[in-house]
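Student: Take a look at the letters that make up each chain.
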Amino acid sequence: MEEWLYIQNEVYPALTKGFWVSLQLILPSSIFGLVIGTMVGVLRIYGSRPVMAAADLYVTLFRGIPLVVQLFIWYFGLPYFSIYLSPFVAAVLGFSLCSGAYHSEYVRGALLSIKRGQMLAAQSLGFSKVQMIFSIILPQAVRRALPGCGNEVIYLIKYSSLAYMITCIELTGQGKILASNSFKYTEIFLIIGACYLLMTSVASIVLSRVENRLRLPGFEHHRI
Amino acid sequence: MSTPILKIENVSKRYGKKDVLQEVSLTVNKGDLKILIGPSGAGKSTLLQCINFLVKPDEGRIWLDGQEVHYAHKHDLYAYRQKVGMIFQDFNLFDHLNALENVRIGMVKVRGMGKKEADKRAVMELERVGLKEHMQKYPAQLSGGQKQRVSIARALAMDPRVMLLDEPTSALDPELIGEVHSVIRDLGQSGMTMIMATHQIGFASSLASEIIFMESGRILEKGTPEKIFCHAENARTREFCSKITELYGETR
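Chains as they are written, first to last, in the working numbering: chain W, 364 to 587; chain Y, 2 to 253.
Just so you know, the hints here were simulated from the structure itself, not pulled from any lab data. Every value quoted in this text rests on a predicted model; they were computed, and no experiment measured them. Where is the CB? At the ideal position from N, CA and C, for every residue including glycine. Warning: the hint list may mix true and false statements.
Straight-line distance between alpha carbons at most 30 Å, and here's what the computed DSBU-like set of lysine-lysine pairs gives [said to hold, decoys possible]:
| # | chain 1 | residue 1 | chain 2 | residue 2 |
| --- | --- | --- | --- | --- |
| 1 | W | K478 | Y | K18 |
| 2 | W | K492 | Y | K57 |
| 3 | W | K478 | Y | K244 |
| 4 | Y | K116 | W | K478 |
| 5 | Y | K133 | W | K380 |
| 6 | Y | K75 | W | K478 |
| 7 | W | K478 | Y | K57 |
| 8 | W | K478 | W | K492 |
| 9 | Y | K117 | Y | K57 |
| 10 | W | K478 | Y | K84 |
| 11 | Y | K138 | Y | K121 |
| 12 | W | K478 | Y | K31 |
| 13 | Y | K223 | W | K492 |
| 14 | W | K539 | Y | K133 |
| 15 | Y | K19 | W | K380 |
| 16 | Y | K138 | Y | K31 |
| 17 | W | K492 | Y | K8 |
| 18 | Y | K19 | W | K478 |
| 19 | Y | K133 | Y | K75 |
| 20 | Y | K228 | W | K478 |
| 21 | Y | K84 | Y | K117 |
| 22 | Y | K138 | W | K492 |
| 23 | Y | K116 | Y | K138 |
| 24 | Y | K18 | Y | K228 |
| 25 | Y | K228 | W | K492 |
| 26 | Y | K57 | Y | K84 |
| 27 | Y | K110 | W | K492 |
These stretches of chain W come out as covered by chain Y in the derived footprint (C-beta under 8 Å, 3 or more residues) [said to hold, decoys possible]:
| # | stretch |
| --- | --- |
| 28 | 392-402 |
| 29 | 490-496 |
| 30 | 571-581 |
Far from chain W by the CB rule (all over 12 Å, computed), these chain Y residues [stated by the list, open to error]:
| # | residue |
| --- | --- |
| 31 | E24 |
| 32 | K31 |
| 33 | N53 |
| 34 | R62 |
| 35 | A73 |
| 36 | K110 |
| 37 | M125 |
| 38 | I178 |
| 39 | H200 |
| 40 | L248 |
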């Protein structure tokens, strides 16, 4: 009975609150990440030399430095330059930039898979480079990049748990507070694990729906 | 004499130390069908790609309808390319668009036509190449011959002044070649100006206004089909023609 009251009065409200914070972190971060990733992926292939180099540098930094360190820099480092971000904004910024770096690699791979002949055909019809990228290459590349990008979104859902390190108390943060008060680490983190599993499962269902919606003859997968 | 539709003067292209094209000149008048023949590596494809600047020539000048093309100006280049249709050996249809959309996209994106108008025109062009009932199919669902006909319709929809055809039937199996040839023949009869690289000399000689024999990046000889296939002056031309006749059948 005591256990039940503890769950009802403390665990449930705290975790629900944390769950919403997590969602608020994940949704914008995954969208910004995808947008940044697509843009950077395009620039890394079709940009001018300096732009390409800058985009490569971005990926090297944001893929190479541990995410926690990046979050610390945004939250604890920027104040040295008199820029003060709230924990939430710092977390979304950190996740979006890190996620974008990974997405750009999937997008880049997909862009490289589009055959040169189609680009020649577009050019021979009088397409400008930008028109060609947006109406011929990207619509195909997006379809090919989707499985990889989906992977990154799922991963983002889990690494959003790092936000509590910069005092943005989301699901994991709430769990940590509860657990250190009650010392019921196993129970509480099992519940938290289930919550993340729920989010990633929903995300993978949504992603596979999107993949199905975009499927075209020639882009389907074949059972062998 | 009227101005030629297309004039090419001293076009050269080098890849490293290799001369792929050496001072090639060509004058094309309205309604001409020029056929480029020659062994692989002769520069036929490079010449066609230089004509619409998919490959930038190192030297040389090109005029369309008496106006020199300044390809360094992007605007001029895009406008010029609209007027020069290109057909590729491996079709190069846009894989994510169905036949109708493949034909329509150039009109909508490049010429800025409304969707409805472009749709009507696209249907008309697909009808012209005999593919009206396949217009909802994607490239992956079409045969090689059908794909090539879609690509011809796509080029025609831009109202080109000249068409460049780079071995349009080389990737097709023998049974499908005929359907593409008949479309090209109809085009020729309707007065379309064309430059075509091909090994199908039977077809070529029945249609061509001039045959151009190329080797090692140069034009070695040109003349009427009769002259090139029966009374060629150059020994290399004769040798090539006899070999290719053996392979691809009679010239008539």
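Student: Next step is simple, just say for each hint if it's right about the structure.
Tutor: These are the hints, each one checked on the structure:
no., hint, verdict
1, K478(W) / K18(Y), "holds (27 Å)"
2, K492(W) / K57(Y), "holds (16 Å)"
3, K478(W) / K244(Y), "violated (34 Å)"
4, K116(Y) / K478(W), "holds (27 Å)"
5, K133(Y) / K380(W), "violated (59 Å)"
6, K75(Y) / K478(W), "holds (23 Å)"
7, K478(W) / K57(Y), "holds (20 Å)"
8, K478(W) / K492(W), "holds (15 Å)"
9, K117(Y) / K57(Y), "violated (36 Å)"
10, K478(W) / K84(Y), "holds (24 Å)"
11, K138(Y) / K121(Y), "holds (17 Å)"
12, K478(W) / K31(Y), "violated (34 Å)"
13, K223(Y) / K492(W), "violated (37 Å)"
14, K539(W) / K133(Y), "violated (65 Å)"
15, K19(Y) / K380(W), "violated (70 Å)"
16, K138(Y) / K31(Y), "violated (35 Å)"
17, K492(W) / K8(Y), "holds (27 Å)"
18, K19(Y) / K478(W), "holds (26 Å)"
19, K133(Y) / K75(Y), "violated (35 Å)"
20, K228(Y) / K478(W), "violated (40 Å)"
21, K84(Y) / K117(Y), "holds (22 Å)"
22, K138(Y) / K492(W), "holds (27 Å)"
23, K116(Y) / K138(Y), "holds (19 Å)"
24, K18(Y) / K228(Y), "violated (34 Å)"
25, K228(Y) / K492(W), "violated (44 Å)"
26, K57(Y) / K84(Y), "holds (17 Å)"
27, K110(Y) / K492(W), "holds (12 Å)"
28, 392-402, "violated (count 0)"
29, 490-496, "holds (count 3)"
30, 571-581, "holds (count 3)"
31, E24, "holds (24 Å)"
32, K31, "holds (21 Å)"
33, N53, "violated (6 Å)"
34, R62, "holds (20 Å)"
35, A73, "holds (15 Å)"
36, K110, "violated (5 Å)"
37, M125, "holds (17 Å)"
38, I178, "holds (20 Å)"
39, H200, "holds (20 Å)"
40, L248, "holds (26 Å)"
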